[in-house]
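Number of protein chains: 4
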Amino acid sequence: MSLWGGRFQDKIDDLMKQLNDSFRFDRRLYAADIRGSVAYAGALSDTGLLTDEECQSIIDGLEQVRQEFNEGSFQEANDEDIHTAVERRLTEIVGPAAGKLHTGRSRNDQVATDLRLWLIEQIGIVQSDLAAVQAALIDKAEGHLDLIMPGYTHLQPAQPVLFSHWLMSVFWAFDRDQERLDDCKRRTAVCPLGSGALSGTPFPIDRTALAAELGMPAISPNSMDAVSDRDFVAEFLFAASLIGIHISRLAEDLIIMSGPGRRFVTLGEQYTTGSSLMPQKRNPDSLELVRGKTGRILGALVGLLTVLKGLPSTYNKDLQEDKEPLFDTADTLAMVLPVLAGVIGSLVPSPDAMRGALDMAMLATDLADYLVDRGVPFREAHHITGHLVRRAEEQGITLDQLPLDVLQAESAVFDADAAAIFDFERAVSRRAAPGGTAPETAREQIAQAHKCLVARNRA
Amino acid sequence: MSLWGGRFQDKIDDLMKQLNDSFRFDRRLYAADIRGSVAYAGALSDTGLLTDEECQSIIDGLEQVRQEFNEGSFQEANDEDIHTAVERRLTEIVGPAAGKLHTGRSRNDQVATDLRLWLIEQIGIVQSDLAAVQAALIDKAEGHLDLIMPGYTHLQPAQPVLFSHWLMSVFWAFDRDQERLDDCKRRTAVCPLGSGALSGTPFPIDRTALAAELGMPAISPNSMDAVSDRDFVAEFLFAASLIGIHISRLAEDLIIMSGPGRRFVTLGEQYTTGSSLMPQKRNPDSLELVRGKTGRILGALVGLLTVLKGLPSTYNKDLQEDKEPLFDTADTLAMVLPVLAGVIGSLVPSPDAMRGALDMAMLATDLADYLVDRGVPFREAHHITGHLVRRAEEQGITLDQLPLDVLQAESAVFDADAAAIFDFERAVSRRAAPGGTAPETAREQIAQAHKCLVARNRA
Amino acid sequence: MSLWGGRFQDKIDDLMKQLNDSFRFDRRLYAADIRGSVAYAGALSDTGLLTDEECQSIIDGLEQVRQEFNEGSFQEANDEDIHTAVERRLTEIVGPAAGKLHTGRSRNDQVATDLRLWLIEQIGIVQSDLAAVQAALIDKAEGHLDLIMPGYTHLQPAQPVLFSHWLMSVFWAFDRDQERLDDCKRRTAVCPLGSGALSGTPFPIDRTALAAELGMPAISPNSMDAVSDRDFVAEFLFAASLIGIHISRLAEDLIIMSGPGRRFVTLGEQYTTGSSLMPQKRNPDSLELVRGKTGRILGALVGLLTVLKGLPSTYNKDLQEDKEPLFDTADTLAMVLPVLAGVIGSLVPSPDAMRGALDMAMLATDLADYLVDRGVPFREAHHITGHLVRRAEEQGITLDQLPLDVLQAESAVFDADAAAIFDFERAVSRRAAPGGTAPETAREQIAQAHKCLVARNRA
Amino acid sequence: MSLWGGRFQDKIDDLMKQLNDSFRFDRRLYAADIRGSVAYAGALSDTGLLTDEECQSIIDGLEQVRQEFNEGSFQEANDEDIHTAVERRLTEIVGPAAGKLHTGRSRNDQVATDLRLWLIEQIGIVQSDLAAVQAALIDKAEGHLDLIMPGYTHLQPAQPVLFSHWLMSVFWAFDRDQERLDDCKRRTAVCPLGSGALSGTPFPIDRTALAAELGMPAISPNSMDAVSDRDFVAEFLFAASLIGIHISRLAEDLIIMSGPGRRFVTLGEQYTTGSSLMPQKRNPDSLELVRGKTGRILGALVGLLTVLKGLPSTYNKDLQEDKEPLFDTADTLAMVLPVLAGVIGSLVPSPDAMRGALDMAMLATDLADYLVDRGVPFREAHHITGHLVRRAEEQGITLDQLPLDVLQAESAVFDADAAAIFDFERAVSRRAAPGGTAPETAREQIAQAHKCLVARNRA
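Protein chains in written order, with my numbering: chain D, 1 to 459; chain U, 460 to 918; chain Z, 919 to 1377; chain H, 1378 to 1836.
None of these hints come from the bench; they were simulated from the model.
Please read these numbers as outputs of a predicted model, since none were measured by experiment.
In this text, a Cβ means the ideal position worked out from N, Cα and C, and glycines have one as well.
A portion of the hints provided could be inaccurate.
[To be verified] Just a few of them, taken from the derived set where beta-carbon distance is under 8 Å, the chain H residues facing chain Z:
id, residue
1, 1430
2, 1484
3, 1485
4, 1542
5, 1574
6, 1576
7, 1693
8, 1799
9, 1831
10, 1835
[Claimed, not checked] Only some residues are given here: those of chain H computed to face chain Z with a beta carbon under 8 Å:
id, residue
11, 1551
12, 1553
13, 1555
14, 1671
15, 1692
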């Protein structure tokens, strides 16, 4: 049929090969693949399926392959994926004995093992990069414990808070991310090797010892589950998505805080760029870029879950779509987190701008609290204060300028000492319950945060 | 302006109220809200902000409100949300003293507390329902340890496996879900109460004691973070999404296994339905319905993450969109999981159909393993076996019907004992390494699974 | 087995019924269902499968059922879905002849028809609500053609623009949404009735006439496709998602424009709310709420696409999950769009705040253009202007305060007439190419927009 | 500060550059960028802003740059993006006059124009590849008009259908995709050039002529909208997502149809692969791979919509995240669609397997229709037939083996001619209303489909 002539078919065959092959993206698993094979050779040797000499020869050969990858001298040969590439090269080096390495092992359990080994290491990198961001937040918070700025809810001025308190609020969100990564790492460190294609291995491999050799404390309990389980990938992508959400919130805050109308902080010049048309611009590109990356990460999560939806059990080739979203997400975090640490380190706060944005109306709650302390039920106190805020507005004066008799007309409880309310330092210092914005509380938060990071470094 | 005439504006105002109000869906938080308020009254009383009498009166009033909700006798009054509804009714019951309950508390920390309390309980329900599904899997697996069926990869027959092994592969996926729910519950049980609107409370509340009173082992470390953190909701929706993915896989397997061409299992009649047009049909509606629910749950996760993306810190009203996806997901699981347990309990396996679908070609790997056991490198053995499979195909006979001389023509290693390979029981029994499909291994899996469930019940 | 005792099973059976039944949400299809049945009765009558009397009796009966739904007097009887409910009631009214209505019709083609009929009408409602938002934008833009405010890119001040120009930028985004809804409506108006369960109808129904009777210009070309096609639902959810994205952008803009540091506009009080703890607050809740709804709509889209992914062809019960996301999205738009129209109508711009935020540096591009007009290549002009902006910054003066000799030191091209550049009205008026911010161009935009709406109203 | 020492900062600066720069992925826009610049030079020349010589020199220079890209000889120089790369190289070639090309143009309107030009061309490619898939479906359908196979609903045998009817059901889904791509292309072909950074151009560019020169029939009506509008990207990603959904359905169908228990079709060997462990396997990898790609495309859509959510108006750097999901999706379709066409072309149907799977119970509806033709209301006929199906099942015979007296015991209407019902050809031929499965209808479908493709080719 003319439509399906030769040249078209050639193009299709090329595309089919491209669709099927994964070497172009899974070659980065080489170290994990070789590590897994080295351990597996040892396990085969323990059962007598390899002689000591065969085992040593295979291990030496694998080391050479690793070396070639490390040095960039590995020669491709149209390999389908990283596993066949390593096996092909190993055979070239050690001869047919290489064929024994695959005894009782399937690509299904091999690829699952490789991906887990790779991810365990990658989670470590993400956690370290995230810790650097957290350390930058602590540094900045410690260095500016005296700065008071407006706190906002609904993007409207609400109550005064310490700049450091805001910085630490970001720290704790990232700390939850660290915990989720811990949990994810624990569930990733479960070894599927020895599950065969789907039904287990008929050879007396000591799977627990093999797992331990690979740094994994547990083995997968069921071979059919082991070859299809990609929960650990999804869980990492979700943890990354929440990191992305937290980054997007921080970026949004900083874009607004550094922007016109606030200018509470200035970003390091290296994190802003100019305009091709408007010479006066300094744009917070770094923050917009990291905010935008949230979409990419969430897209990767949705993509993987969509792949998994409705798939029958055990291995199906659809699962080949697990790697690129995972790699892309890890790369994205590896790019974004250090930049974010740099941005935070570069922030220069402007005490004047912060102070200038404070407004006496932000102490209205403190005014209500004054009444509460003198026995007025809070709801009534809230009501009275509302009246006073409106009175001040109507008269075009600030809340602290209302004369005492006006206050007393609303509530007889007011006394001359009410004037002391209108002091932002005092307002901040009053919030001294744990987690509040008082300087002493912030200091405790920082101390606790330091401990978290130190414990994490040790772990 | 004519376009914005009065009646149109009325409609808009109604819709604005509807958009703003959440009582229609957050009323189900009533027990959590009241529980939080009872504890908070105690905390205020400890600091002297409430007298013992006021405290008791408030607690008695709250108990009455709870009773009214429990009995369905609570009278709505156009309340904006559950918090104002409870406060309004409490005021009706105990008078202005009710106003003291809100001392130092904001709706921002209150709603975060309520939602966490509600979710902690809900996670318990999901875990219990999931455990029932797991128990059904164990029951079924224990009862049919002798059944061998084809195991598939790529939906193609691969190797024989125990029906029980397949059942247990589902168990372990759900067990990972249980672990994720544990982790999520731990992170949900962090008490934000005492964070005020955003900056903390100025009153000397003992937050740790208050949290303990509410069954939460930890308090939130930063007030600005506490009022905006919805990570726990996202984490639950993600855990639910993976449950959904696992359910979709199980449903897909069962739809195919019970369908034409296999008929390995029959579903209980109550889980199938007939056709309005085709009287002979028995459709696996229950399984299709639960598979379809995966979309709904994943949609809820994406919806919430989209809400959170790019939101500035602390409370923004967008966060009101956290509840409906959460409630819907919890309701979905509460409907789906028991049905799934019922479906599993109702499965009647057909030994004849399973046996009939077994094919000697599924023992090709065992044929290769025979050679491996006799010293042939696996890759070579795989190659030889491939030849034999094709030979058998060409001659229109099954693999076991190939005469010994044909085997020996491919490899001199073959001997008369090769005939023993062609035995499905033997093939299954050989996979006796942990996690494999051998009956003894399956028994160990089941024993281990029992222990997991028992430990979980105790916890 | 104790675990599966009677009471538990009862609960499961109840839940199975709840899972399976759709009457609680698909009852709102009643008018569409009845309309479809009336037309179908006519089609059967045309072929002689119903006598004229039977046909009339069925149509009268259906009208009565419709009436009962309209009046809220319809009595449920544990009906599985709207189709069985209508059929059951019709049978009660007209007797066994009702059974003839289902000749050659399956629930598969019936439900697809109903959903399309419902959606066609619903799209009309969305388009009308969206047109009201667009009309509000035009009204507001027409009323304030003299207001100049800073235009921002990257949330940094860039160039002066007309407030009206910004308003109209929102108009056009919604106009694209209108076009997408047109396209979606066209593809929804394809009639699947007469496709049977999957293979078509054996009765000589005139499908084209039947479609026309139902207001649909086309019939589905393939019965297997017709009963599984839910593209129209996905397409509506996507169109709604982009509406949501546009709303989220408008809300973000207005939250920032009405917030501290700008106060360019004030929202009508009915669209803001106060704080339970901070009496001075006016929060833009309406805008935050509509912004948050974006997540919900996007979640619905993802949910449906996930349901469809990997589903085999023709009808599968998973498709029952098409309705709730569709209904929820339509309801969301029906609530959100009128509120948005109200918000826009309520906006009161503050000329002083806008003018106060204009900054001479925003005319730097005009300064560069001055040089370009005098033959300097733009890149060089941009460079020179960049220098001047920095000079002014260093000296703490505004760009227009730089003396002529300083300008001339950078470029000899500058002359005394350069002073005329520093005029915001002039800068705005210069952008007079189509689509630019000049007042005359804005007037043309408004005229064109009026025409669009009028044409839409007529259609 | 020790933490932020020099080497760390260098790494951050490198990553910031990597984060910010887009040349590595946007270089593929070179042809679009140069095409846009050539047209823009012409437009500037028309207004007198470029002399004829300058214009010609710029155009010649741009042609040279294009040539260098085409030939792969373009030398990078650490360029930020494709626009600066082209501008830098052009300046090297033609000197400072190159700087005049950017008069009144901003990167904001330039990048939007480039992306639209690129996408318009890309949509053409997708449409052509999709047409090849459709042509393959038609070819296959035409060649096998006599094959009857079971039609399934709920994956259960339902009614006999033509294999060709099933093939054509896929055709029409793809045809809707073609229409959506048409609509998307129309909305993409709107020219934003002349919008400047956000406020329009102050130079008297004839935007309509410029758009026409670029093959775009319309110009963007508002400059602020023009620089932020990415609806066209989202719309393409949605159209691609539905293509993905349709592909996933086709793949699911074919995996099941070619799998064990059916074997209705065989895939070309080049579209299947073997197993590393199980020599007898032929796995439908091509179909699993294309099914898996659905996740990737949907992920791209969700990613982009997440980027857009909550973004303020005009240009924000987050928008740089629009390109990679778009490029990846286009590349995915360019790989997947030709493979799919190849797979379809390679399908070899097995008439015996299809016939063998037909079951007399699939004619139960025809039995009911027999009664309807003789005046029995359908619901009653359905009921009677249901009884007969059960009777046959109980007696272990097929439906056609029920003796006439048994039929008549259920309904006196049955006569000897009822035996004629049990004929699959007859059953298929009866569905002759438009869109039904009768051979003549299928032929009409095919003819109509041919016309669609021809019309599309002409357009």
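Now the hints, each set against the structure:
1. 1430: violated (14 Å)
2. 1484: violated (10 Å)
3. 1485: holds (7 Å)
4. 1542: holds (6 Å)
5. 1574: Holds - the Cβ of residue 1574(H) comes within 8 Å of chain Z, reaching about 6 Å at its closest.
6. 1576: Constraint on residue 1576(H) satisfied, holds at 4 Å.
7. 1693: holds (6 Å)
8. 1799: At about 15 Å, which exceeds the 8 Å cut-off, the nearest Cβ of chain Z leaves the hint on residue 1799(H) violated.
9. 1831: violated (16 Å)
10. 1835: Residue 1835(H) check fails; min Cβ-Cβ to chain Z is 20 Å, beyond 8 Å.
11. 1551: With a closest approach of 10 Å, the residue 1551(H) hint is violated.
12. 1553: It holds, given that the least Cβ distance between residue 1553(H) and chain Z is near 6 Å, below 8 Å.
13. 1555: violated (12 Å)
14. 1671: holds (5 Å)
15. 1692: holds (5 Å)
Going down the numbered hints, you'll see the structure goes against 1, 2, 8, 9, 10, 11, 13, while the others check out.
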